[in-house]
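Visitor: Below, each chain spelled out in residue letters.
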Amino acid sequence: MSNATLDQIKDAAFGTFSRLKDRLNAQNPEHPLTANEEKLITRETIKRHLEHLKKHNVQQGQLDPFKFICWAGGSLLDSLWHSDPVKWGVAIDVILDTLEDVLNKASRGKLRMPRNTRHLLRKLLLAEKQGEERHGIGMNGLYMSFHCCALLNPNSFGMEKWDLEIGQA
Amino acid sequence: MTREEFHSIWDEVAKEVGYVESTDADSVCIHNGADEETIQALIAYGRGDKSGFPAISPPSASTVA
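Chains as they are written, first to last, in the numbering used here: chain A, 2 to 170; chain B, 448 to 512.
Possibly wrong hints are sitting among the right ones.
Below, computed lysine-lysine pairings styled on DSS-like, alpha-carbon distance capped at 27 Å [claimed, not checked]:
hint, chain 1, residue 1, chain 2, residue 2
1, A, K55, A, K40
2, B, K462, A, K55
3, A, K40, B, K497
4, A, K56, B, K462
Ranges between beta-carbon positions, derived for each pair [what the hints assert, rightly or not]:
hint, chain 1, residue 1, chain 2, residue 2, range
5, B, H454, A, N58, 18 to 26 Å
6, A, N37, B, E463, 13 to 21 Å
7, A, S80, B, G465, 20 to 28 Å
Reference listing, derived: stretches of chain A covered by chain B, where coverage requires no fewer than 3 residues with Cβ under 8 Å from a Cβ of chain B [stated by the list, open to error]:
hint, segment
8, 19-26
9, 62-68
10, 101-114
Note that these hints are calculated values from the structure, not bench results. Every residue, glycine too, gets a C-beta built ideally from N, C-alpha and C.
Please put together the full structure from these sequences, using the hints given.
Guide: Here it is, written out as structure tokens:
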């Protein structure tokens, strides 16, 4: 994959964020995001993203939409809705739905998360947010779980992939 | 929010956190998880062409908080 320009990366980030926002407003139709709330989450999401790249010295050849969705979800949970536990479950559903949207698109419908796995992921995310870190998973963990899953996508082959030995016995 | 506002926030934040694209040999170069077609569909989505993704259904009772 050739490297994208910075404008292309920002455009991909904007589209990814737009999908998450649409899902959020569909889940919470009585209280769609206000312009100020959207700006707050956008700023926090981009901050998390760039700090992540800087901290771990990550080269960004193209936007990683899975990563950006997780940071947006973290911003929603930890900034906008931090003091509103009733909404945490809604936020987690929105994050998982948006991650599945991209996984489904990227795999042409071949990779779908099993219902029970999704259910456990949801419980782990909620436990973390409720302060039960020993039983939880945060946004870095969520991102890596989807990243590893995305590498099994047949459309990713030729870029970075697992060594698959399934069925070769 | 418009695309231009989003880009503007990105540029402001990049300055605040002192981010510059890494190019050194020790940097991590990791697959972004999505192919070009998916990235282009996301870019189009931001421009208002949402045809690359399924319509969003209203929430079911089981998914609410």
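Visitor: Hint check: K56 (chain A) vs K462 (chain B), CA-CA at most 27 Å. Holds or violated?
Guide: Distance of about 15 Å is within 27 Å: holds.
Visitor: Taken at face value, is the distance from the CA of K55 (chain A) to the CA of K462 (chain B) at most 27 Å?
Guide: Judged against 27 Å, a Cα distance of about 12 Å means the pair holds.
Visitor: Examine the segment 62-68 of chain A for residues whose CB is less than 8 Å from any CB of chain B, and state whether their number is three or more.
Guide: holds (count 7)
Visitor: Tell me if the beta carbons of H454 (chain B) and N58 (chain A) are separated by a distance inside 18 to 26 Å.
Guide: Since the Cβ atoms of H454 (chain B) and N58 (chain A) sit about 24 Å apart, the hinted range of 18 to 26 Å holds.
Visitor: Closer than 8 Å Cβ to Cβ for three or more residues is the test here. Does the segment 19-26 of chain A pass it with chain B?
Guide: With 4 residues close enough to chain B, the hint holds.
Visitor: Cut-off 8 Å, C-beta pairs, minimum 3 residues; does the coverage of the segment 101-114 of chain A by chain B stand?
Guide: Our answer is that it holds, as 4 residues pass the Cβ test (under 8 Å) against chain B, meeting three.
Visitor: Verify the proposed pairing of K40 (chain A) with K497 (chain B), using a straight-line Cα cut of 27 Å.
Guide: holds (22 Å)
Visitor: Does the structure keep K55 (chain A) and K40 (chain A) at a Cα separation of 27 Å or less?
Guide: holds (22 Å)
Visitor: Is the distance from the Cβ of N37 (chain A) to the Cβ of E463 (chain B) consistent with 13 to 21 Å?
Guide: holds (19 Å)
Visitor: Using the C-beta atoms of S80 (chain A) and G465 (chain B), is the stated range 20 to 28 Å upheld?
Guide: holds (21 Å)
Checked against the numbered hints above, the structure breaks none of them.
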